[in-house]
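Participant: These are the residues of each chain, in order.
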Amino acid sequence: MNESESEWLVRAQKGDDVAFARLVELYQKPVYNLCYRMLGNPGDAEDAAQEAFLRAYKNLRRYDSDRPFATWLLSIASHYCIDQLRKQRFNAFSLDDDENTWLEPPDPGMGPEASLSAQEKQAQVQTLLDQLSPKDRAAVVMHYWYDYSYEEIAQELSLTVSAVKSRLHRCRRELAGQWQAVQAKTAERINPERMRNESPAF
Amino acid sequence: MNHQPFENWLFSEEPLPENDERTLRNHLADCEQCSSLEDAWLDVANLFETVPEVDPAPGFVNRWQITLEADRVAAKAARQRWQSWILLVLIANGAALALVLTGVQLFRTYGSFSEFVLSWVYRAATLVVIASGIQNVFVTLARTLPILVPTSWWVGIVITLSMSTLLWIVSMAKLTSLPRRTS
Chain D
7 MNESESEWLV RAQKGDDVAF ARLVELYQKP VYNLCYRMLG NPGDAEDAAQ EAFLRAYKNL
67 RRYDSDRPFA TWLLSIASHY CIDQLRKQRF NAFSLDDDEN TWLEPPDPGM GPEASLSAQE
127 KQAQVQTLLD QLSPKDRAAV VMHYWYDYSY EEIAQELSLT VSAVKSRLHR CRRELAGQWQ
187 AVQAKTAERI NPERMRNESP AF
Chain X
12 MNHQPFENWL FSEEPLPEND ERTLRNHLAD CEQCSSLEDA WLDVANLFET VPEVDPAPGF
72 VNRWQITLEA DRVAAKAARQ RWQSWILLVL IANGAALALV LTGVQLFRTY GSFSEFVLSW
132 VYRAATLVVI ASGIQNVFVT LARTLPILVP TSWWVGIVIT LSMSTLLWIV SMAKLTSLPR
192 RTS
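Taken in sequence, the protein lines are chains D and X. In this text, residue positions in the first sequence follow this note's numbering: the first is 7, and each later residue adds one. In this text, residue positions in the second sequence follow this note's numbering: the first is 12, and each later residue adds one.
These aren't lab readings, by the way, just hints derived from the structure by calculation. Just so you know, these numbers come straight off a predicted model, no measurement behind them. Check before you lean on any hint, since a few could be wrong.
[As the list claims (entries may be wrong)] Not the full set, but computed from the structure, chain X residues with beta-carbon under 10 angstroms of chain D:
{"#": "1", "residue": "GLU24"}
{"#": "2", "residue": "GLU49"}
{"#": "3", "residue": "ALA51"}
{"#": "4", "residue": "GLU60"}
{"#": "5", "residue": "THR61"}
{"#": "6", "residue": "PHE71"}
{"#": "7", "residue": "TRP75"}
{"#": "8", "residue": "THR78"}
{"#": "9", "residue": "LEU79"}
Idealized CB from N, CA, C, for every residue including glycine.
Start from the sequences, fold in the hints, and give me the full structure.
Facilitator: This is the structure:
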């Protein structure tokens, strides 16, 4: 945390809205990204990120300055997303439904090919993450996108370090299996004739 | 063949001892199932590394400020609703307490319920008698005054009352048309 950031934090803790708005500006991208990875669509990610900042603002007095502000903020966002995912499981429509796969609007700064490839990657990542339970998803997102250590994940998700290790191990296995399934489905879609005639021996 | 130990090694992030690493590599060279699984995981890890970050739509901070303001308004409304309920409960409790205390006081004064009812019936009857007496006085006055007071007096009274009413209406109209003081 740099000097101006900690100054904004102190000012925000004293009730300065402008200082907190600067913190929102600074952390909007990581918080939004975490929510996007967790929830899988831009609308829900935006709502979750807004809510995370609102919760952080309301609980700013409880923030322990010994802890990195980013970690605290991302922890609020991940808990909110886990709750949202658990609620969504009771909803009428399923997250597994392909009809509900959302895509980010293309970035105007990218060329059409790069934009298409980025969109495809986003969709692939979401398809993979959607297969995981909310807590597993949070652990994977924290570990692979935010470089959280096992200890930090354990602290954020109220788990033991060995439970985190075993969860991540199981997630890697699931993700690899899921990837194989997706690749097989794609290959079949591209060349159904060959797949049908292919000998099981090969 | 049992692939489980190799899968455990494959998905472990801990560095393997040299011997185990060699055994795993030898197994992967022969086992298509495990090598395909390793390739799949490498693809996933590569995908996680290379997938671009997603930006929120422009104006996120402005939208947050609007969210904060809306939350404050909602919190204020909720607080006011809560205060109104507390006030209502306090008033209801106060009224109930006043009723109980009055009841206790009345019973202390009258000793029994029948005595209390009789006393209030007596009071009501007295009120009716008084009202009837007042009505008789007014009826008598209405019958005798027109005869006793001369017509010119009546004209004077009517004109005075009309002028007073007119003056009141004009004063009220002027007062309400004045600009309101804000400071």
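Participant: Does each hint fit the structure? Answer for all of them.
Facilitator: A quick look at each hint next to the structure:
1. GLU24: holds (7 angstroms)
2. GLU49: OK, holds: GLU49/X within 10 angstroms of chain D, min 8 angstroms.
3. ALA51: Holds: closest Cβ of chain D sits about 4 angstroms from ALA51/X, inside 10 angstroms.
4. GLU60: holds (8 angstroms)
5. THR61: This hint holds: THR61/X lies near chain D, its Cβ roughly 7 angstroms from the closest one there, short of 10 angstroms.
6. PHE71: holds (5 angstroms)
7. TRP75: holds (5 angstroms)
8. THR78: holds (5 angstroms)
9. LEU79: holds (7 angstroms)
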